[in-house]
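Asks: Read off the chains here:
There are 2 protein chains.
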Amino acid sequence: MNYPNGIKKQKVQLVNYKNRGMCLEDDINETNRYYCRNDLAYIYKKPTPIQITKVDYPSRKEAIIKEAYFKEPSTTDYNGIYCGYYIDFEAKETKIKTAFPLHNIHPHQIQHIRNVIRHGGICFLIVRFQIQNETYLLWGDDFLSFLENNTRKSIPYSYFKTYAKKIQFTYQPRLDYLKIVDERIGGSYEK
Amino acid sequence: MNYPNGIKKQKVQLVNYKNRGMCLEDDINETNRYYCRNDLAYIYKKPTPIQITKVDYPSRKEAIIKEAYFKEPSTTDYNGIYCGYYIDFEAKETKIKTAFPLHNIHPHQIQHIRNVIRHGGICFLIVRFQIQNETYLLWGDDFLSFLENNTRKSIPYSYFKTYAKKIQFTYQPRLDYLKIVDERIGGSYEK
Chain B
19 MNYPNGIKKQ
29 KVQLVNYKNR
39 GMCLEDDINE
49 TNRYYCRNDL
59 AYIYKKPTPI
69 QITKVDYPSR
79 KEAIIKEAYF
89 KEPSTTDYNG
99 IYCGYYIDFE
109 AKETKIKTAF
119 PLHNIHPHQI
129 QHIRNVIRHG
139 GICFLIVRFQ
149 IQNETYLLWG
159 DDFLSFLENN
169 TRKSIPYSYF
179 KTYAKKIQFT
189 YQPRLDYLKI
199 VDERIGGSYE
209 K
Chain Y
19 MNYPNGIKKQ
29 KVQLVNYKNR
39 GMCLEDDINE
49 TNRYYCRNDL
59 AYIYKKPTPI
69 QITKVDYPSR
79 KEAIIKEAYF
89 KEPSTTDYNG
99 IYCGYYIDFE
109 AKETKIKTAF
119 PLHNIHPHQI
129 QHIRNVIRHG
139 GICFLIVRFQ
149 IQNETYLLWG
159 DDFLSFLENN
169 TRKSIPYSYF
179 KTYAKKIQFT
189 YQPRLDYLKI
199 VDERIGGSYE
209 K
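Chains as they are written, first to last, in our numbering: chain B, 19 to 209; chain Y, 19 to 209.
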């Protein structure tokens with residue numbers, strides 16, 4: 019069946035696209051690019067820290083790394099600026115339906131989240147439950163409060179349902195997490 | 019000659035140390051570690067961006083990068099949080115006595131500096147003139163104003179003498195650049 023104005027077709031494409039299982043990192047990078055393009059916020063993923071042990075210099079300009087190792091990140095993955103605020107977050111996805119395993123977040127990253135909050139930054143986790151295909155923003159203080167009051171090795175899905183904010187998928191930007199930040203800072207990039 | 023209280027000796031060591039030609043990056047990293055240790059600010063150097071093209075996985079935990087290339091950074095090298103402010107800067111040193119060559123700062127880094135300032139961040143360059151052994155903090159807006167009003171391919175040393183703030187070498191922290199930031203934001207971490 020053909021739809022002359024193409025609207026229905028576009029909608030089908032959108033649904034397909036959403037189900038293709040884009041990874042969270044891609045969605046966030048694309049969202050951050052949207053924010054940059056529209057001069058709303060400048061938030062970047064930090065490069066993966068690498069320990070370089072061997073480099074070849076075939077010419078002055080071209081260096082080839084011949085041996086290197088991944089290092090454990092000491093801070094969170096993303097940071098930047100929005101409305102004068104320092105923004106800092108970590109993004110993780112899990113295949114587990116009922117809980118988010120805490121081994122995903124290293125102890126020095128937890129300390130970093132604590133430091134950022136104490137110094138007035140906006141800090142949170144973005145967690146995607148792949149099976150439900152739901153993405154949540156969990157404020158840093160709610161995350162720390164869970165850690166302080168629980169001995170569990172994972173945060174139950176129900177904790178996210180109760181305390182975290184669900185980030186809606188939209189066409190552009192894909193994961194508009196700053197809308198949730200707006201609720202907190204009382205501003206809005208749309209104004 | 020021996021000094022029983024050791025004070026003179028310590029001073030001599032300090033002078034020697036200053037002349038050993040520590041690189042600017044080391045001085046800044048050490049300063050940032052001092053700020054962290056004393057819970058004053060959390061400012062980190064971003065890892066060098068690298069394009070990985072070949073990885074070996076001898077075991078699940080240990081990956082060895084076998085081929086990778088350096089990528090050009092699209093933002094500045096350092097960012098973080100201080101007194102609720104987003105802090106962002108680039109650090110460079112030059113062996114040229116009379117000027118700081120502008121090819122040291124890439125066009126997308128200049129755009130990044132513009133973006134950060136427009137969105138309320140604290141943005142600057144730290145430039146060391148190796149021959150004079152002097153280190154300056156040049157505010158982002160003074161840097162941009164130079165670019166807008168000049169066609170030169172370098173910023174003369176005299177411009178730094180006039181418009182930039184000299185960062186004093188001290189024992190701890192080595193390069194207390196936040197003291198200069200304090201003058202701007204009207205606060206102080208010492209209070």
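Just so you know, the hints here were simulated from the structure itself, not pulled from any lab data. Treat the hints with care, as some may be off.
Note: identical chains are not told apart, hence a pair may lie in one copy or across any two.
Result set (DMTMM-like, lysine to aspartate or glutamate): computed pairs, CA atoms no more than 20 Å apart in a straight line [as the list claims (entries may be wrong)]: (1) Lys171 / Asp159; (2) Lys79 / Glu90; (3) Lys84 / Asp74; (4) Lys79 / Glu166; (5) Lys89 / Asp194; (6) Lys184 / Asp194.
Since the model is a prediction, treat every value here as computed from it, not as a measurement.
Asks: Which of the listed hints are broken here?
Replies: 4, 5
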